[in-house]
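Visitor: These are the residues of each chain, in order.
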Amino acid sequence: MDVLTDNFSTYAEGFLGTVELTFFSSLLALALGFLMAGFRVAPVGALRAIGTVWVTVLRNTPLTLLFFAVLLGLPRFGLVLPFTVFAVLALGCYTSAFICEALRSGINTVPRGQGEAARSLGMSFGQTLTVVILPQAFRTVIPPVGSTLIALAKNSAIAGAFSVTELLSTYKTLSELGYNIVWTFVWIAVGYLIITLTISALFNVLEKRYGVAR
Amino acid sequence: MTDSTALYDIPGPRTRRRHRLYGAVATLAILALLGWIVHLLFETGQFTAAKWTPFEYKGIQELLLRGLGNTLKAFAYASVLSLLLGGLLACGRLSDHAPVRWVSTLLVEFFRAMPVLVMIFFIFVALKVQPLPALVAGLTLYNGSVLAEVFRAGVHSVDRGQREAAYALGLRKTQVMTYVLVPQAVRAMLPAIISQLVVALKDTSLGYLITYEEFLHAGKLIASNLDYDLPFIPVVMVISPIYIGLCMLLSWFATWVARRQRRSPKTEAVEVAPAEPGTLLPGDPAATGRM
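Chains as they are written, first to last, in UniProt numbering: chain E, 1 to 214; chain C, 1 to 291.
The following block holds chain E by itself, in its conformation from the complex (with noise of 0.2 Å):
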């Protein structure tokens, strides 16, 4: 109980950094799964060409190996930025690709009767996907694009590895002052803990209120 009372700031710390990259990772890997699902949907064949190889490689490529090409890699091409947002650039561009995939399953859920009525009123596909599919699509991703933002979360935990100040990487400073390193995960597993309760019992609602049982 010690590691957390006298360390309470170290830990604070590590915990909202671990909720601003998460956060933060959120919305970007949202904005852009959206926009890729839209490619892959999309009547034009070099969209979901696009689309598709961003899912694939994104997907398939280790988040270690992403988090040090961004990390590492990028400031060789004289790109300097804070690690802070490096990290949110590879973990959102990470988890936009299973959001997409989320959305994707999503818009097949939608019975193919409601874009054709949607098209005989004269509806672009703009309009149709936006007005019509989108917004049923919503309500049955819910779940899944809440296990991708706990995965996100969770993940975040590498970015603690590459030196971004977040809750993993409290142990390091908390095992340099000498406290006992079992308490000092026990702590970091609780805070963990608080953040996928709360994206979950968040999700929980959302999905009572807007979900639809098909």
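Please note: incorrect hints may appear among the correct ones.
Estimated spans, in silico, between C-beta atoms of each pair [what the hints assert, rightly or not]:
(1) C/160 / E/109: 22 to 28 Å
(2) E/12 / C/262: 47 to 53 Å
(3) E/116 / C/242: 42 to 48 Å
Please keep in mind that the hints were generated in silico from the structure rather than gathered at the bench.
Backbone N, C-alpha and C fix where the C-beta goes; we use that ideal spot for every residue, glycine too.
Mind docking chain C on chain E? Use the hints.
Guide: Then chain C, alone, in the frame of chain E:
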């Protein structure tokens, strides 16, 4: 892409022309982006001889190969052990004895909810285990508990009648499981299992963070060598295609198995969705987020 035609009609000649225009613009944008990247690569001198010579040396090639071998070794251990642990935990979760069920549920939920890296670091730092066993143990705990959920879902996906018929013949629970349910379940869940193994393969790269001498670690050694002018980008350009290629191969194998099974008349058209990476969301119908 025949299944997405619900979103748009088969385009007529004018629309096709418009789509070709969009396609051309998109292609040009991508080409411009790629061109800019290549320009940057040249600008920052990534193709200078000094940065690429290391790959000609035998010692460096051997270093990379050894790293790749270590990656595959960790993957092999981790996949076999996680399949075993997954089977064990699935048995526990399907048990008729409530305490066994509770304990296995607790273990499965906890290990799925923890970041793999936290577990690996805990085993490596707090329990002072060597890098390889620490990596394998962490991967096994995580993937094992995810696989346990896959196995459970697989057994539940077998038609109820099969189980009822087997019980009606007077088989005991173990016999119902081993003779009737599991053989059918395995076929249905094979793609999900292979997809999870892709996750295990990708996660072996976490070994890099605990100084396990795997592929990425070998890359890092070369990349941070001053003699070769810190060839970070060349190293990334050499090792990422290999890493990504390996994972893609395994992913394609999973989809191939899934497709073959859908065609096979022997297996029913059940599909076992890959288990979530520690979701804690109850009753998840469309599980897709393997990561």
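Visitor: Does each hint hold? Answer for all of them.
Guide: These are the hints, each one checked on the structure:
1. C/160 / E/109: 22 to 28 Å: Holds, at about 24 Å.
2. E/12 / C/262: 47 to 53 Å: Given range 47 to 53 Å: holds, Cβ gap about 51 Å.
3. E/116 / C/242: 42 to 48 Å: holds (46 Å)
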